[in-house]
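Chemist: Single-letter residue listing:
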Amino acid sequence: MEHLKKSFGDHRVLQDINLVVNKGEDLVILGQSGTGKSVLIKCIVGLLDPDEGKLLIFGRNTAELKEKELMEIRKRIGFLFQSSALYDSMTVRDNLEFPLRRQLRSLSQDQMDMLVKEALQNVGLADAIEKTPSELSGGMRKRLGLARTLILKPEIMLYDEPTAGLDPITSKEISALIREVQRTYNTSSIIITHDIECARRTANRIIVIKEGICVAEGSYADLKGSKDPWVRSFFE
Amino acid sequence: MFTLRFFKEVFHPPYEFKELTKQSFLIGYKSFPLVATTGFIIGLVLTIQSRPTLAKFGADSWLPAMVAVSIIREIGPVITALIFAGKVGSGIGAELASMNVTEQIDAMQVSWTNPFKYLVVTRVVSATLMLPLLVVFSDAIGLFGSYVGVNLRGDVSAHLYLSQIFQSLEYKDFIPAFIKTFFFGFAVGLIGCFEGYNSNKGTEGVGKAANTAVVFASLMVFIIDMIAVQITSLFQY
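Those protein sequence lines, which keep their order, are chains Y and S. The opening position of the first sequence corresponds to residue 0 in numbering that gives the first Met the number 0, with each subsequent residue numbered one higher. The opening position of the second sequence corresponds to residue 0 in numbering that gives the first Met the number 0, with each subsequent residue numbered one higher.
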């Protein structure tokens with residue numbers, strides 16, 4: 000993305016964002032709360048339109064695409080919401096079948112059952128298939144959200160605060176799962192977080208955002224030893 | 000804009016028949032016990048309350064006819080629509096608002112699903128189709144309630160009661176009353192969806208959406224009723 004800008008009224012959230020995500024890379028975007036990290040990820044997935052700048056996904060400028068073409072691109076992107084965004088009125092099985100029914104209409108019920116079971120096994124939730132989201136813990140909900148996203152085998156994964164609100168052990172499990180997803184499916188990932196442990200465990204590269212601008216970029220070790228005390232303060 | 004978008008989406012495939020059936024079940028069938036109970040009580044109470052006035056003029060025998068015309072023309076549709084607004088309008092408002100808060104609507108959008116079509120169109124169509132059916136049931140049960148009321152202080156056979164009712168009723172009593180219920184249902188569904196779908200983020204937004212949906216939907220029922228009466232009068236006189 001090049002010179003991406005987004006404002007809400009007078010409030011300029013993204014001031015000038017430039018970044019590239021390479022294939023098979025886990026890119027962590029680090030920043031304080033309210034610095035526009037979630038807005039950035041929502042611009043990428045198409046939930047918000049940037050005011051200015053260029054956003055290229057799979058080499059195509061999203062501003063020039065028609066709604067149908069955008070939908071086709073969205074099919075190749077998975078998005079794990081901060082709140083997991085599970086459908087409360089559906090069971091775990093229905094939550095997983097929902098994207099399958101929408102995108103792979105030719106699948107038989109047996110094929111769908113197989114994919115659902117496989118997705119649940121991958122995140123360690125095979126026993127929860129008939130439960131409803133309200134019966135699951137925070138960590139389980141997060142894992143289910145991940146399973147629902149991964150069931151369509153996306154090429155790009157976007158994670159919005161994947162460890163927010165979770166205890167350290169569950170956070171560690173989710174971070175490990177993110178790494179595993181990258182290794183298994185060779186996905187490119189953007190992980191939005193302010194959890195430094197999650198960043199350490201998952202990142203190939205880290206970009207630090209301050210007031211809607213990328214202020215630092217590098218590996219975990221590079222940024223830990225940054226000359227900028229504000230950047231370094233994240234790692235202390 | 001919201002209404003225009005509804006009309007644009009409702010005729011445009013793909014159609015969400017499965018969700019439409021589910022919503023029709025939830026909105027229609029699940030509302031039946033409440034609507035039936037209210038209908039019965041209205042019929043019974045209206046009969047008991049009207050009897051002394053009619054008795055004063057020696058017109059007791061007009062009781063079934065008077066109650067039937069009142070229920071079919073006005074009280075059945077309006078009371079059922081108000082109950083419907085309270086139950087279904089608030090339910091839709093709260094459900095969609097809470098889906099908004101928990102990012103479920105955004106999740107649908109990124110799952111290659113048009114959330115407006117899936118959530119709004121199905122609920123509005125279900126409400127539009129189910130309310131007229133509920134009104135028919137409510138009217139029938141209201142008339143049964145009236146029959147019970149008549150027999151609390153009298154002995155009128157079901158056959159006589161029904162013949163008195165049907166002698167007093169004409170098509171012009173049924174048809175306008177039935178037609179306006181589609182508009183009542185449409186208004187309740189659309190307002191509930193509008194309030195929920197466009198609610199502000201946060202739990203406060205959920206409560207506000209439910210509350211505003213009921214208030215505006217109830218008000219809209221009265222406004223539609225007033226317009227319907229004017230239109231019906233134009234054709235009748």
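Just so you know, the hints here were simulated from the structure itself, not pulled from any lab data. There could be a bad hint or two in this list.
Once the Cα atoms are required to be at most 27 angstroms apart in a straight line, the calculated DSSO-like pairs of lysine-lysine come out as [stated by the list, open to error]: (1) K130/Y with K7/S; (2) K74/Y with K17/S; (3) K223/Y with K22/Y; (4) K152/Y with K17/S; (5) K116/Y with K67/Y; (6) K152/Y with K7/S; (7) K130/Y with K29/S; (8) K65/Y with K21/S; (9) K67/Y with K29/S; (10) K116/Y with K21/S; (11) K7/S with K65/Y; (12) K7/S with K116/Y.
Chemist: All the hints need checking, so say for each whether the structure fits it.
Modeler: Going down the list of hints, with the structure as the test:
no. : hint              : in the structure
1   : K130/Y with K7/S  : violated, 37 angstroms
2   : K74/Y with K17/S  : holds, 22 angstroms
3   : K223/Y with K22/Y : holds, 25 angstroms
4   : K152/Y with K17/S : holds, 26 angstroms
5   : K116/Y with K67/Y : violated, 30 angstroms
6   : K152/Y with K7/S  : violated, 33 angstroms
7   : K130/Y with K29/S : holds, 23 angstroms
8   : K65/Y with K21/S  : violated, 32 angstroms
9   : K67/Y with K29/S  : violated, 37 angstroms
10  : K116/Y with K21/S : holds, 25 angstroms
11  : K7/S with K65/Y   : holds, 18 angstroms
12  : K7/S with K116/Y  : violated, 38 angstroms
Violated hints, in rising order: 1, 5, 6, 8, 9, 12; the structure is consistent with all others.
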